[in-house]
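Take a look at the letters that make up each chain.
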Amino acid sequence: MIKAVVNISLKAGVLDSQGKAVHHALDSLHFNGVEDVRVGKQIILKLDESDKTKAMTQVTKMCEELLANTVIEDYDIELS
Amino acid sequence: MKVTILQFPGTNCEYDTQYAFEKLGATTEILWHKAKEVPSNTDLLVVAGGFSYGDYLRSGAIAKFSPVMKAVTTYANNGGKVLGICNGFQVLTEARLLPGALKRNNGLHFISKHHHLKVINNDNLFLKELECGDVVNIPIAHHDGNYYIDADGLKDLEANNQILLRYTDAEGGTKNPNGSVESIAGVCNKNKNVFGLMPHPERAMERLLGSDDGIKMLKGFF
Numbered sequence: 004m005i006k007a008v009v010n011i012s013l014k015a016g017v018l019d020s021q022g023k024a025v026h027h028a029l030d031s032l033h034f035n036g037v038e039d040v041r042v043g044k045q046i047i048l049k050l051d052e053s054d055k056t057k058a059m060t061q062v063t064k065m066c067e068e069l070l071a072n073t074v075i076e077d078y079d080i081e082l083s
Numbered sequence: 258m259k260v261t262i263l264q265f266p267g268t269n270c271e272y273d274t275q276y277a278f279e280k281l282g283a284t285t286e287i288l289w290h291k292a293k294e295v296p297s298n299t300d301l302l303v304v305a306g307g308f309s310y311g312d313y314l315r316s317g318a319i320a321k322f323s324p325v326m327k328a329v330t331t332y333a334n335n336g337g338k339v340l341g342i343c344n345g346f347q348v349l350t351e352a353r354l355l356p357g358a359l360k361r362n363n364g365l366h367f368i369s370k371h372h373h374l375k376v377i378n379n380d381n382l383f384l385k386e387l388e389c390g391d392v393v394n395i396p397i398a399h400h401d402g403n404y405y406i407d408a409d410g411l412k413d414l415e416a417n418n419q420i421l422l423r424y425t426d427a428e429g430g431t432k433n434p435n436g437s438v439e440s441i442a443g444v445c446n447k448n449k450n451v452f453g454l455m456p457h458p459e460r461a462m463e464r465l466l467g468s469d470d471g472i473k474m475l476k477g478f479f
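So the sequence lines, in the order shown, correspond to chains A and B. The opening residue of the first sequence carries number 4 in this note's numbering; numbering runs sequentially from there. The opening residue of the second sequence carries number 258 in this note's numbering; numbering runs sequentially from there.
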């Protein structure tokens with residue numbers, strides 16, 4: 004079994020208003036050293052598959068078709 | 258005039274939409290998302306507003322895989338007229354029948370109020386009853402209405418007169434409630450048979466309820 008962790012975040016250059024709000028909140032709590040905050044989502048999949056190449060192909064397809072909206076979002080896949 | 262209105266689990270504007278089009282003299286049919294075909298006598302297909310599939314993952318992301326959406330795509334690609342209102346607009350962008358995407362409002366709040374919109378292009382069926390520069394007062398009610406398109410996409414929209422409406426103040430001046438690119442409230446596809454907007458013209462059919470400016474918009478389809 005392969006575990007796939009998919010991290011999805013807004014593309015660089017697309018304003019992340021949630022990230023901005025969290026950044027402001029951190030500022031107001033006096034965490035002053037934070038340069039930037041991006042908020043994303045994580046989707047964890049358990050795959051009935053042992054071949055990592057096949058798993059990567061499959062999860063990439065899932066991201067392109069459903070998990071991410073590639074007009075505004077980037078995705079990153081980690082397999083273990 | 259036959260208007261077919263799509264209904265997904267979580268759709269909640271189908272009856273308002275039905276009321277609006279029947280008030281203008283259309284016959285209507287509400288079509289459950291499991292249908293595999295668009296009724297052949299359909300003159301206009303409306304993807305109504307609401308929260309299809311609870312807005313899970315992203316607004317409109319799950320609805321695009323409903324059985325009926327294959328038929329909707331075929332219908333649209335064959336030149337059929339499609340109108341997506343609010344969640345319907347989100348569904349149509351997710352299904353790539355319209356360019357761009359709808360992001361969370363910049364202020365992060367759900368916004369529900371009347372808002373003014375300016376007509377940007379009227380060389381299309383939807384807004385032909387209005388003049389360019391006309392300002393209409395139409396309710397908005399959304400959490401993810403922040404229209405995004407990249408710079409190249411925006412150029413295409415402008416070059417092909419695909420921007421339908423922009424958010425403005427009552428005088429037509431700049432006022433953007435949700436952060437959308439260039440204050441865009443509605444767009445159409447290149448062929449001008451698929452239309453999408455975040456505001457709700459079907460909720461602006463009675464002066465008593467704040468505005469009847471929606472009549473002029475929906476009448477364009479007749």
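Worth flagging that the hints you see were computed from the coordinates, not collected in a lab. Keep in mind that a hint or two might mislead.
[As the list claims (entries may be wrong)] Below 25 angstroms or equal to it, Euclidean Cα-Cα: the simulated SDA-like pairs (lysine to any residue) are:
#1 A:Lys14 with B:Pro434
#2 A:Lys6 with A:Lys49
#3 A:Lys14 with B:Tyr313
#4 A:Lys44 with B:Lys449
#5 B:Lys338 with B:Phe322
#6 B:Lys338 with B:Ala328
#7 A:Lys23 with B:Thr431
#8 B:Lys449 with B:Asp409
#9 A:Lys23 with B:Lys449
[Said to hold, decoys possible] Quick list of simulated restraints, FRET-style, between CB atoms:
#10 A:Ser31 with B:Asn335: 52 to 58 angstroms
#11 A:Val37 with B:Asn394: 37 to 43 angstroms
#12 A:Val25 with B:Lys280: 41 to 47 angstroms
#13 B:Lys293 with A:Asp54: 33 to 39 angstroms
#14 A:Gly22 with B:Lys412: 26 to 32 angstroms
#15 A:Lys64 with B:Asn334: 18 to 24 angstroms
Since the structure is predicted, the reported quantities are computational estimates derived from the model, not experimental observations. Note that the Cβ used here is the ideal one computed from N, Cα and C, for glycine as well.
Results for each hint:
1. A:Lys14 with B:Pro434: Holds, at about 22 angstroms.
2. A:Lys6 with A:Lys49: Within the cut-off at roughly 5 angstroms; holds.
3. A:Lys14 with B:Tyr313: holds, 20 angstroms
4. A:Lys44 with B:Lys449: violated, 35 angstroms
5. B:Lys338 with B:Phe322: Distance of about 20 angstroms is within 25 angstroms: holds.
6. B:Lys338 with B:Ala328: Holds. Lys338 (chain B) to Ala328 (chain B) sits at ~13 angstroms (cutoff 25 angstroms).
7. A:Lys23 with B:Thr431: holds, 23 angstroms
8. B:Lys449 with B:Asp409: Given that 25 angstroms is the threshold and the Cα spacing comes to 19 angstroms, the pair holds.
9. A:Lys23 with B:Lys449: violated, 36 angstroms
10. A:Ser31 with B:Asn335: 52 to 58 angstroms: holds, 55 angstroms
11. A:Val37 with B:Asn394: 37 to 43 angstroms: holds, 42 angstroms
12. A:Val25 with B:Lys280: 41 to 47 angstroms: holds, 45 angstroms
13. B:Lys293 with A:Asp54: 33 to 39 angstroms: With a Cβ separation near 35 angstroms, Lys293 (chain B) and Asp54 (chain A) satisfy 33 to 39 angstroms, so the hint holds.
14. A:Gly22 with B:Lys412: 26 to 32 angstroms: holds, 27 angstroms
15. A:Lys64 with B:Asn334: 18 to 24 angstroms: This hint holds: roughly 23 angstroms between Cβ atoms.
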